[in-house]
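Asker: Take the sequences, apply the hints, and build the full model.
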Amino acid sequence: MLDVSGIAGITLYEPGALTLVAKAGTPLAEAEAVLRAEGQRLAFEPADWRGLLGTSGVPTLGGMVAANASGPRRVQAGACRDALLGVRFVDGTGAVVKNGGRVMKNVTGYDLVKLMAGSWGTLGVLSEVSLKVLPVPETSATLVIGGLDGVAAVAAMTEALVSPYDVTGAAHGPEGTLIRIEGFAQSVAYRAAELAGRLARFGTVEVERDPMLVAGLWRGVRDVAAFHGVAGDVWRLSVKPSEAPGLVARSGARQVVYDWGGGLVWLLMPEGQDLRASLGPFAGHATLIRASEETRARIQAFQPEPPAVAALSQGLRQRFDPKGIFNPGLMG
Amino acid sequence: MEMPAPDARVMALKSEIVAGLRAVLPADAVIDDPTETRAYECDALSAYRCPPLAAILPRSTAEVAAALKLCHDFGVPVVPRGSGTSLAGGALPTADSVILGVARMNRVLEVDYSNRLIRVEAGRTNLSVTGAVEADGFFYAPDPSSQLACAIAGNIAMNSGGAHCLKYGVTTNNLLGVTMVLMDGSVVEIGGAHMDAGGLDLLGVICGSEGQLGVVTEATLRILPRPEGARPVLIGFNANEVAGACVADIIKAGVLPVAIEFMDRPCIRACEDFARAGYPDCEALLIIEVEGAEAEIDEQLGLIRQIAMRHDPVEFRESGSEEESKKIWLGRKSAFGAMGQINDYMCLDGTIPVSALPFVLKRIGEMSRDYGLGVANVFHAGDGNMHPLILYNANKPGDLELCEAFGADILKLCVEVGGCLTGEHGVGIEKRDLMGVQYDAVDMEAQMRVKDVFDPKWLLNPAKVFPLAASAGRRDG
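Chains B and D supply the protein sequences, listed in that same order. Quick note: the first sequence uses my numbering, first residue 1, plus one each step. Quick note: the second sequence uses my numbering, first residue 1, plus one each step.
Simulated from the structure, these hints should not be mistaken for laboratory data. Model, not experiment: these values are computed from the prediction. Cβ atoms here follow ideal geometry from the backbone N, Cα and C, with glycine treated the same way. Incorrect hints may have been included.
As the list claims (entries may be wrong) - Only pairs whose alpha carbons sit at most 25 Å apart, straight line, appear in this in silico DSS-like list of lysine-lysine: (1) D:327 / D:167; (2) B:323 / D:457; (3) D:252 / D:167; (4) D:412 / B:98; (5) D:69 / D:14; (6) B:323 / B:98.
Claimed, not checked - Away from chain D, derived, C-beta distances all over 12 Å, residues of chain B: (7) 25; (8) 48; (9) 54; (10) 130; (11) 206; (12) 232; (13) 250; (14) 254; (15) 272; (16) 297; (17) 331.
Answerer: Laid out in structure tokens, this is it:
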């Protein structure tokens, strides 16, 4: 166990340049508080998985990057990897490597920044990250449609996402089908009205404007609150949105939450059941997020890759971690 | 700028290699006549030229795979080429290399509005991707200024940006998947229609790898619904510092325009003389564009006006019509042409933290006097991507070298203040020998390991990106 929480602290924050540089062990909450004081935030809405996993501990920026943790706003603002501008890490040979930097446009050499995002610590130990941040908008509102099934919900979310109204969240779960818009007050009012009109054919559209309630709805989607404390395995499915309802239908899931307009599906599955076996071949990937030790020993957490791609991934892991000391076997 | 000497073994095998290529490709896809290969001797960095051994123009992934396998077996270097618009020499051949042009692979394979994506062959031009979907109200966001000509293949290789990436991101943020042929001829599918990687983010490292990891033949791209409208405003200031402060205040206030363009006095003058766009005579000019419905645009421009007024602008001109919008953009869009009328120029591409803008502009002015070469600055101010244009005389012996030395000094300055050598053009050969300014040997070693995995024999575009001394052992291996 290598604990990097001691490598912490914000190195540089320039609100006017929309950039934050911090040591990898910096608590996410600390970074978010510093940003909030300047009216800014991490736009990709990183989740807090403690409730979902039943863990304690302090989420850090490094952990967030290693998991490429990206919440509902991924559909509009991009993922964690899209906001990640630079990294410093120690590879398996002990070499300290830096890549990228702290500016928003940088194509100097290979983009190892993206490679490190979502590598789950298998290529190196992150020591510093730089991130693009964005202003917190003045207002946000959420359109809520109740009573839709998965097919209708994905259709409604698609209708919203192909509109010019700059939707920053499209999810479907126990709270209904949710469409979020953010921005300056007049603009939000205008877009909410236009979208409500477009979505009227799907059912009654309520518009939630209370800031606390809107934030709560999206925190619930982001952290998959529906599955907190509920027995069952948790899987995460990343697919073409239009294919999501069909896959869910043959998954055997007890309960699902759709995010990213249907591109991301959280499934609560009977314990020990292999979702990939239930689905058969499909385009996209399924990741096992929560299960017993026994199940995790039997079912690989990450979707097996086709042999040619697996050879490339394996080759990269071998080059960055020749002795296989970082999370061995985690990603393949 | 030096390129490796051609491999005598490969040169001696030319007729066998060409015959082999003819055996696996249609007759019209293989070019080896020296008068015809000359068309591929350079890209948009035309100061450097070298005709290739041969050029091939395959029409399918299968043909690319067959040709690469053959070149791999012969040990022939291959230089992938999109439309040849690289300003960094990314598609410059060596005499012992085969140019692989993807220009004939330009079909749209699938348009899927429900899932907001388009799948195209990689030789398709950037602008024609938008062209395929704009009638239905969609667009492809990255908009490099060469978008009429440049290919998606080259955009992916260089991770190209454009004027509107402040809001929409660059190529890597809009790329969902690729079909790619590795140097040994094997075909891999990376990514697809879904929004994140299931394992390591290979797509992330392929994008921007300058054609050194594989030849991308098909791409799945994110398309976006077009906003209802857009309107620019032009703001003139009497000092660069003030314009820079205004940009920072706008961003801090929570307005996120789609574009913030900056021009300094030499650039304003040249554009005005050339395009007569009616620009004010001032030190610094901002063109800021916002998007949305009429009411939304009014709201955002109202805020921008409030902020700008605090900085005492010499001019604040909001477009009142489509005609006026065009006029505001006219000067900026003709900037490169305007400079070209005056002189030969070299276009740089460093990025700096936005806060360093006034200092960097001041230093560039001082260096300009020291070198005795004029310079004009165009700048994507929102994201810090600078395009200093250094003026020189190509017919004057020594002027190109002087200009290159000046350019190198500017790029070193960009790195010193916390920025980078290239924001959107790529390293190619142009900035190859400066890589050590930004990255030390360990950093470059980590990058070169990635190429070791994808292209163990180092045959794809081998003499680019990394200083020759750094890659020598691998290239000769």
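Asker: Which hints from the list above does the structure break, by number from lowest to highest?
Answerer: 10 and 17
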